[in-house]
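Asker: Quick mapping for you: the protein sequence lines, in order, are chains G and H.
Residue 98 in our numbering is what sits at position 98 of the first sequence, and the numbering runs on without skipping anything.
Residue 36 in our numbering is what sits at position 36 of the second sequence, and the numbering runs on without skipping anything.
The set of hints was computed from the structure by calculation and includes no laboratory data.
We treat Cβ as the ideally placed atom computed from N, Cα and C, and that holds for glycine.
Incorrect hints may have been included.
[As the list claims (entries may be wrong)] Using C-beta positions, here's what the derived DEER-type ranges look like:
(1) Asp185/G x Trp266/H: 39 to 45 Å
(2) Ile207/G x Gln218/H: 35 to 41 Å
(3) Leu255/H x Pro71/G: 40 to 46 Å
(4) Ser146/G x Phe251/H: 52 to 58 Å
(5) Met61/H x Ser146/G: 35 to 41 Å
(6) Ala72/H x Glu181/G: 51 to 57 Å
(7) Ala145/H x Gly44/G: 29 to 35 Å
(8) Glu82/H x Pro93/G: 25 to 31 Å
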Amino acid sequence: MKESMKEIIRVEGVSFSYDGVPALLDINLSVHRGDFLAIIGPNGSGKTTLLKIMVGLLRPGQGRVWLFGQPLEDFKQWHKIGYIQQKATNFDPIFPISVAEVIAASLNSVSRPVKPGRRQVRNKIMEALQTVGLESEAGKPMNSLSGGQQQRVLIARALSTEPEILLLDEPTTGIDYPSQENFYDLLGKLNKQKQLTIVLVTHDYGIVNRHVNRVACLNQKLVYHGEHSEFCQSDRFRELLHGGHHLISHRH
Amino acid sequence: MNGSLIFSGLFLRALLAGGGLALACGLLGVFLVLRRDAMISHGLSHVAFAGVALGLALNLMPVIVAILVCLAGSLLILRLKEQARLPGDTAIALLSSGGLALAVFLMSIKKDFGAELMAYLFGDILAIAPSEVYLAVGLALLVTAGIFLNLSRLIFMTFDREAARVSGLSLSRLDRLLVMMTAVTIVLGLRIVGLLLVTGLTVIPAASALQLARNFRQTLFLSSLFSLLSILGGIVLAYVFNLPASAAIIFLALLIFSLSHLAKRWR
Ligand SMILES: Nc1ncnc2c1ncn2[C@@H]1O[C@H](COP(=O)(O)OP(=O)(O)O)[C@@H](O)[C@H]1O
Ligand SMILES: [Mg+2]
Numbered sequence: 001m002k003e004s005m006k007e008i009i010r011v012e013g014v015s016f017s018y019d020g021v022p023a024l025l026d027i028n029l030s031v032h033r034g035d036f037l038a039i040i041g042p043n044g045s046g047k048t049t050l051l052k053i054m055v056g057l058l059r060p061g062q063g064r065v066w067l068f069g070q071p072l073e074d075f076k077q078w079h080k081i082g083y084i085q086q087k088a089t090n091f092d093p094i095f096p097i098s099v100a101e102v103i104a105a106s107l108n109s110v111s112r113p114v115k116p117g118r119r120q121v122r123n124k125i126m127e128a129l130q131t132v133g134l135e136s137e138a139g140k141p142m143n144s145l146s147g148g149q150q151q152r153v154l155i156a157r158a159l160s161t162e163p164e165i166l167l168l169d170e171p172t173t174g175i176d177y178p179s180q181e182n183f184y185d186l187l188g189k190l191n192k193q194k195q196l197t198i199v200l201v202t203h204d205y206g207i208v209n210r211h212v213n214r215v216a217c218l219n220q221k222l223v224y225h226g227e228h229s230e231f232c233q234s235d236r237f238r239e240l241l242h243g244g245h246h247l248i249s250h251r252h
Numbered sequence: 001m002n003g004s005l006i007f008s009g010l011f012l013r014a015l016l017a018g019g020g021l022a023l024a025c026g027l028l029g030v031f032l033v034l035r036r037d038a039m040i041s042h043g044l045s046h047v048a049f050a051g052v053a054l055g056l057a058l059n060l061m062p063v064i065v066a067i068l069v070c071l072a073g074s075l076l077i078l079r080l081k082e083q084a085r086l087p088g089d090t091a092i093a094l095l096s097s098g099g100l101a102l103a104v105f106l107m108s109i110k111k112d113f114g115a116e117l118m119a120y121l122f123g124d125i126l127a128i129a130p131s132e133v134y135l136a137v138g139l140a141l142l143v144t145a146g147i148f149l150n151l152s153r154l155i156f157m158t159f160d161r162e163a164a165r166v167s168g169l170s171l172s173r174l175d176r177l178l179v180m181m182t183a184v185t186i187v188l189g190l191r192i193v194g195l196l197l198v199t200g201l202t203v204i205p206a207a208s209a210l211q212l213a214r215n216f217r218q219t220l221f222l223s224s225l226f227s228l229l230s231i232l233g234g235i236v237l238a239y240v241f242n243l244p245a246s247a248a249i250i251f252l253a254l255l256i257f258s259l260s261h262l263a264k265r266w267r
C-alpha cells in the first residue's frame, strides 16, 4: 500500500447510545494519511460523540475502531494522536500554570520509547510554541492569554509530542473572526507542509472549506462521506449555501 | 526563653514530625484544592478518627490502624463516586458520618480510652512519641516522593483530564495514588492538629499560594513554604507561650492567607 494511502483511523459499523438514547447509527468512515477531514452537522448530531469514540474516550456499543491499523483496545502509541476537545479553553480560570508548563506537563507524561531529557523538553516546547507563533508567551500564565492564544497553546501542546493526526472539536467557538481565520490557516499549513492528518469537527463549514479535502456530514447517520470537491457539487452543499441551514444550525 | 527547652527532645521531635507533615500537606493541598477535592480530607479525617478508636479499642497502635482504615476509606470514596454515581461530596458525607458513628460506638462500649481519643480530636503534637516521629517523617517523605515522581502526570490530569486520558495516562491509577496519599497525610495530621482542624491544614496553605503564584512551580513552592511556616511557627508559639499547638498552627495559616490575599489585591 502506498504510504500516502495509509489508513490512520477506521470506524466500522459504529453505533452508540447514551442510556438507551441513540446518538450514532452505523457509522463507517476512514481517515487516511494527509487527509484534512471536516465533520459537519447540526448541534446534537453526534459529532463530539464520534470524535470521542475515535480517540477511545467512549466505547462504541456496536462496531469497531482501528487506529494505525490496530484495534483501539490494543492501541498503545497515544503520542501519535493529538486531541483537542470541545470547549478545551474552558479550563479552570484560577489554575496557576504557565504556557510552558501546560506543554511540559503533557510532554513529560506521555510514555515514549525514549524519555526526553530536560533540555530536550525545553527545546520541544519552544519549537511547538514557535509553530503557533507564541514563543514570546512561554512564561506567561495561561489564564492571562486571549481565547485564541489559549487555543493555539493547546495546539502547541498537541504538536509537541509530534503526533501524526490531530483531532479538533469545534476549536474556534467563542473566538473572534480574524483569529479564527489565522487558526484555520495554521491548520491548513500544518496539513500541507508537515503532512499532518487533521480531523476537524465544525459547524461553520464556510470558513474551513478551502483547507479541507474530505467531508463527512453527520446527523446520527453519516449523510455524506467523500471528497470535498464532489461535496461542492452535491445537493447537500447547495442546501448549505442557499439557506438550507439544517446542516449548520447555530442552536446553542 | 529557656535554652534547655528549645533543645528538649520533645520539642525537636515535634518540629521534625511537623516539618515532614507540612511538606506533604503543602504539596498535596495544591492538588486537592485545584481538583475541588478539599472536602475529601474532611471526610477522610472522620474515617481516620474511627480508625484511631478501633486501634485503641483493640489495643493496637492507633496510628497504624488508622492508616489502614483510612486507606480503605479513601478507596471506598473513589468507588462510590464512580460506581454508585454519587456526586463526590455526597460520597464523602456518607463516609464521614459513618466514620464518626463508628468512633462514637466504639467509645461507648470501651469507656476507658475516651481521654486518649480526645487527643486526636484536637491534636497534641507536643506529646508525640519517638516511634511516631520516625513513622510520621518516613510517611511524609513517602508522600512527597509520590508527588514528585508523578508530578507531570498529576499536573496534566488536574489541568485537563480528558486530554490526559487521550494521551494514554491511567487516570484511575493516579486518582487512587492521590487519594491514598491524602489518607496517609490525614492520619499524620490527626495526630498533630486533630480531627477538627486537619482539613484546614491541607487546604489553607494551598489557598494562600493560589493568591500569589503565577505558575505551578511557584504554587507548589509557596504552598509548602506557607505550610512549613504555619506548622513550625505554630509549634514554637505553642511551646513558648503554652498555647494549644493546633490552634496556633491554624491561626498562623489563616494569617498567611489574609496577608497573601491583601498582597494580591494591592498588586
Ligand atoms: N453525556 C451525555 N449523556 C447523555 N446524552 C448525551 C451526552 N452527550 C451527548 N448526549 C446527546 O447525544 C447526542 C449527540 O451529542 P453530541 O455528540 O455532543 O453532538 P454534537 O457534538 O454534534 O453537538 C445529543 O442528542 C446529546 O444531547
Ligand atoms: Mg459537539
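Asker: Need the list of violated hint numbers for this structure, in ascending order.
Answerer: 3, 4, 5, 7
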